[in-house]
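J.: Letter by letter, the chains look like this.
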Amino acid sequence: MNIAVFIALKHLLSRKRQSVVSVMGIVIGVAFFLAISSLMQGSQKDFIKQLIDSAPHITVSDDFRAAKRQPVSAAYPHGLIDLRSVKPLTETRGIRGYKKILEDLKSMPGVLASAVLTGQALLSFAGKDVNVTLNGMIPEDLRDITTIEDDMIRGSVDDLIADRNGILLGQSLMDKLSLSFGDNITLAASTGQVRVFRIIGTFRTGRSEYDEVQAFVDIKRVQSMLDRTNRANSIIIKLDNPDDAFYFSRDLEARIGYKSVSWQEASEDLLNTLVIRNIIMYSVVSAVLIVAAFGIYNIISTVVMEKHRDISIMKSMGFTASDVKQIFLIQGIVLGIAGLFAGLPLGCALMYALMQVRFKPPGATEVINMPLDWSVPQFLIASAFALTAAILAAWLPARKAAQVLPVDILRGGM
Amino acid sequence: MSVLLEARNITRILPGEIPVTLVRDVSVSFRAGEFISITGPSGSGKSSLLYLLGLLDKPTQGSVLIEGRDTAAMDEEELANLRLERLGFVFQFHFLLPEFTALENVTLPMRRLGKLSEKERRARGEKIMSELGLGDQLNKLPKQMSGGQCQRVAVARALANDPVLILTDEPTGNLDTVSSKVVQDILKNLAHQQNRAVVAVTHDMNFAGMADRRIHLVDGKIV
Ligand SMILES: Nc1ncnc2c1ncn2[C@@H]1O[C@H](COP(=O)(O)OP(=O)(O)OP(=O)(O)O)[C@@H](O)[C@H]1O
Ligand SMILES: [Mg+2]
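Sequence order for the protein chains is X and A. Quick note on this note's numbering: the first sequence kicks off at 1 and runs consecutively. Quick note on this note's numbering: the second sequence kicks off at 1001 and runs consecutively.
If you're looking for bench data, these hints aren't it; they were derived computationally from the structure. Predicted model, so just to flag it, every value in this text is computed and none were measured. Some hints could be false.
Claimed, not checked - Simulated pairs of lysine-lysine, DSBU-like, Cα-Cα distance not exceeding 35 Å:
1. A:LYS1058 / X:LYS360
2. X:LYS259 / A:LYS1058
3. X:LYS10 / A:LYS1127
4. A:LYS1181 / X:LYS16
5. A:LYS1127 / X:LYS16
6. X:LYS100 / A:LYS1181
7. A:LYS1181 / X:LYS400
8. A:LYS1143 / X:LYS16
9. X:LYS325 / A:LYS1058
10. A:LYS1221 / X:LYS10
11. A:LYS1115 / X:LYS10
12. A:LYS1181 / X:LYS10
13. A:LYS1058 / X:LYS400
14. X:LYS360 / X:LYS16
15. X:LYS16 / A:LYS1058
16. X:LYS87 / A:LYS1181
17. X:LYS16 / A:LYS1119
18. X:LYS325 / A:LYS1181
19. X:LYS325 / A:LYS1119
Generate coordinates for the entire structure from the input sequences, incorporating the hints supplied.
T.: Have a look at this one:
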């Protein structure tokens, strides 16, 4: 055994109780760190997954980010005459050449895209009038690009492929109007057109504001109801890797001109909130470990203080300053590792216990388990943090120990 | 016989508001097989001189040569190595490490030097200890032994790496007469029978009288 390790272990073993107490600090710190961070990461991942799944990764709409400049001001930016009250050209609604854009997108690997025509319609039933948002899509795309299929509680998107007069409604809306599966409903558009659809599927996403207004139908039906044959007012895109959405969307917008919003852009505020939440969380759990590190600092600096005489005698024997430093650094490392080895399993136990907790989040309709993230990085972060804290805590007194001059102590007599 | 240690005109001044001169212009040399005592009144600088000779402190002026090598320009590591291999210390208090057994204390300098295997260290430690009459104390902790026994363990530890020069500061200052006599005889034999140089700072005139040579200090100067 290395001599520094040998002496370090002797020092620790000769004060078992204090060593155990300072190890406990690290144990609790590591366990707490793991439990809290896995909970936070788990809920964050869950949240982001919902964000990603609840809407298309990218939505291209028939809008422009900035209004077009008038040709005259573009041609003469420094012109002397200022033309006022120019009426901008009325753009026809809908994405021009959407079929071409779709073809382009579909030819790219890892990209799914579909055209959507959305519009409002009035649903009258049993004396109640409710506004619903009609999402007109090609049924096959509806199945492939949206996640609505996963939320179906009765029927399926495939039924819409078979029955082009079918409609998919949210369960909340059906409950509100006491509709039942298989009923026929009448929808009226602002164009005055009225159409009958048969309820062939119901879904529940768990978000009530969604489940109460959204409806899915064949795009052809919406186009004719709104008198907009062969038009679409948005293109929705799904990527194999949702994280690419931001740059993909930016490039797409630069190419086609239409406003293209990625899920990251759409939920920028929420994502920023998550960052702040993470900072707060890591500060709190780090504080626990820092307190634990003080425990280590405390024991090692006590040992160093009590061992001034022994340090002097070792130095007179021929130990160098760095030998002495090692002895005390190793004590910190040993305490840190011991704390880690007990803290990791305790942390896992805590995480497991947390996972058993079931609760109903506000706004949701289902009871769920606490989402916990078991991924490796957290274990690595907790380990690295605990060890670094322990080493730093030992380093300060170890450096002091290395500086002890034997003559100063020997002169003092004791 | 060869000179093991030579001090040339060493002076040690403690800096401060009022600088204190601990040792003033001292020149000495020790040869193998010599037993030298250093005496003088309390505060005369005996311990200070011993620390300078033992490379624990650096002189303000002058130089200390160990086996002909000037130590003035050596770094901490080289000095530590010299202490480890060539020098052995015994102080007034035994200063044994309390967590370690007697044998572990004795073998610690061997471990640090790293030339012997675990088995060889043990054998050598046991041999040194039994020569000092400690054969039955091997696995005792310092607190389980008497003052005289502890001091003999400290001597054994000083001998661990077979040093050429042994420096002791009032090694019997804390012992009863019987134990003192035992330790004094051991030290004298280390010089006369084992051909080492032994330097002993002492107040004990009897002990000082056993020495081949006596160095008397007053106010940091040899008189
Ligand atoms: N750190 C210090 N600061 C100031 N003066 C000191 C310091 N250490 C020692 N001295 C002084 O230096 C002088 C020499 O001290 P030293 O310990 O070498 O004497 P000594 O001969 O060993 O005495 P003793 O027989 O009592 O052990 C003394 O006068 C002492 O007061
Ligand atoms: Mg003294």
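J.: Confirm or reject each hint.
T.: Going through the hints against the structure:
{"no.": "1", "hint": "A:LYS1058 / X:LYS360", "verdict": "violated, 75 Å"}
{"no.": "2", "hint": "X:LYS259 / A:LYS1058", "verdict": "violated, 79 Å"}
{"no.": "3", "hint": "X:LYS10 / A:LYS1127", "verdict": "holds, 25 Å"}
{"no.": "4", "hint": "A:LYS1181 / X:LYS16", "verdict": "violated, 40 Å"}
{"no.": "5", "hint": "A:LYS1127 / X:LYS16", "verdict": "holds, 33 Å"}
{"no.": "6", "hint": "X:LYS100 / A:LYS1181", "verdict": "violated, 110 Å"}
{"no.": "7", "hint": "A:LYS1181 / X:LYS400", "verdict": "violated, 40 Å"}
{"no.": "8", "hint": "A:LYS1143 / X:LYS16", "verdict": "holds, 19 Å"}
{"no.": "9", "hint": "X:LYS325 / A:LYS1058", "verdict": "holds, 22 Å"}
{"no.": "10", "hint": "A:LYS1221 / X:LYS10", "verdict": "violated, 44 Å"}
{"no.": "11", "hint": "A:LYS1115 / X:LYS10", "verdict": "holds, 22 Å"}
{"no.": "12", "hint": "A:LYS1181 / X:LYS10", "verdict": "holds, 34 Å"}
{"no.": "13", "hint": "A:LYS1058 / X:LYS400", "verdict": "holds, 21 Å"}
{"no.": "14", "hint": "X:LYS360 / X:LYS16", "verdict": "violated, 46 Å"}
{"no.": "15", "hint": "X:LYS16 / A:LYS1058", "verdict": "violated, 39 Å"}
{"no.": "16", "hint": "X:LYS87 / A:LYS1181", "verdict": "violated, 119 Å"}
{"no.": "17", "hint": "X:LYS16 / A:LYS1119", "verdict": "holds, 29 Å"}
{"no.": "18", "hint": "X:LYS325 / A:LYS1181", "verdict": "violated, 39 Å"}
{"no.": "19", "hint": "X:LYS325 / A:LYS1119", "verdict": "holds, 28 Å"}
Violated hints for the displayed structure, listed by number in ascending order: 1, 2, 4, 6, 7, 10, 14, 15, 16 and 18.
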